[in-house]
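Respectively, the protein sequence lines represent chains A and B. The C-terminal residue of the first sequence carries number 312 in the numbering used here, and the numbering is unbroken. The C-terminal residue of the second sequence carries number 1174 in the numbering used here, and the numbering is unbroken.
It is worth saying that the hints were derived from the structure and are not from the lab. Note that CB positions come from ideal geometry on N, CA and C, so glycine has one too. Mixed in with the good hints there might be a few duds.
Label-pair restraints from in silico Cβ distances [to be verified]:
1) R82(A) x P1137(B): 47 to 57 Å
2) G1105(B) x D244(A): 32 to 42 Å
3) R177(A) x P1137(B): 30 to 40 Å
4) R55(A) x L1153(B): 38 to 48 Å
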Amino acid sequence: MPRNRSLRLAALGSTVQRAASPAYSSTRSAAALRRRIVAGVLVALSLALITGYFRESENGTLHDAQGGVATVLHPFQVGAERVARPFQDAYGWLSGFMHAKSENEKLKERITRLEQQASQNITAARENVELRQALRYKSGPTFPRDYDAIAAEVTYHRLNEFQEKIVVAAGRVDGVRVNDPVVDSAGHLVGNVSKTSPRSAQVTLLTDGEFAVSAYDVQTETYGLISHGQGAGESLILDLVLKDKLVEKNDLIYTAGRRAGQLPSLYPKNIAVGIVKRVGRSDIDIYQSIQVEPLADFSSVSLVLVMVPKDR
Amino acid sequence: MLADVVKAGVVIFVVVVLQAAIVSTVEPGGGSADLLLVTLTAIALLRGAVFGAVTGFYAGFLLDAASLETLGLSSLLLTLAGYWIGRYGETTGRDRVHAPVLAIGVVTVLYALGGLGMHYLVGDPVSARSGLVDALPAEILLNLILTIPVYALCRRLFARAGARPAMEVEFGTN
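With the hints as constraints, model all of the structure from the sequences given.
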């Protein structure tokens, strides 16, 4: 019996849409619509928050709301930080233990050098006082004499992988303002205040790409600009130092307390910034390439001092 | 449903505090884990797109408030992350063992790229090298390590009461 191929092909080849149950179909489309509406509303709300936050001043409603939520979170963050501190110390001790031997050698070298400098400094300081009295010399604000130190715990250690910023537990009610310098407990420069809320403040670290401070080599009185280096990690560069200026390895770098032009610096003079690790010169660059290692240890900073001018 | 909302609210609050005070301080290999993103992924996979989007918005709002960052920035990214992970959990990733690990791997990369793009858009000076080259590999690895315990914990907290495991269907042989 001949097979009827045309009929079979017609039956298998045609796509027949299965009739969906009308109730099931409408439920599914309603759920999909609801899902999209919720997502759309939330995205629109987020964009509205970003826009509103940018347009308003620091005393605006959204900033206040942010400060309110931050205030609620604040005691929990401080509590968690205190609970975690012994574990963090143990982690820091273990990771520090790995580098202890090489660090010990470096520190011995540094102690010898600093002892020599200290003996010279005592004589120089005595002469300095006598000369100032004789000349009735008037100086700008000096660190730390003309500043009050507000001790603040670090409540947020690293905001994201793109920026080097932390949040500290002192804010506007404590007298903290934007651009106040921040140092660690040893007096080494950590960064400056970039945002404030009533009870907390955001601090931009020295190692952030946004940060720059005028600085000078204490040994040779060579001035330049400290900023974050191109490479990874916490290395800094002392930029804008011409080739004829003298800077040597292991020289100490302090804030200069002045800016190019007529404007004063945001930072008082003589806050310790770092130590010179490498000095290089190339034929094609008019400036020296000076690598500086910060003195502050950013990986284990848990307490900072916000320096507030006494005459504010 | 209300119980789940309350649970999610408390869990995210606690995770934001932990992320800020503890997790962000540990940086082995140059990057730190993103516990908030891992938790959001687990919740969105378990509870779907709408729940994921709302949880993401709330998580982002708390994160921006705690870090004094631009309000809405993290909310936008985490809302989208929660929504898409939720959709993945409702469709392709449903009942798949590898879904949480795969979702975390992909969303960590996309969240980093999205974060970089958003910071550029709002004019923040950011370093793409430090975020994508130096920190991202370690962050992916740490997030993947956290995935299994966090997902297991969230599954205990957010398992649907009426949910049943997928049944095998045997076609008739007669």
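Against the structure, the hints come out as follows:
Our hint of 47 to 57 Å for R82(A) and P1137(B) is violated, since their Cβ atoms are close to 32 Å apart. A beta carbon spacing of about 53 Å between G1105(B) and D244(A) contradicts the range 32 to 42 Å that was offered as a hint. The hinted window of 30 to 40 Å between R177(A) and P1137(B) holds, with their beta carbons roughly 39 Å apart. Remark: the range hint 38 to 48 Å for R55(A) to L1153(B) is upheld by a beta-carbon distance near 41 Å.
Of the numbered hints stated above, those contradicted by the structure are hints 1, 2, listed in ascending order.
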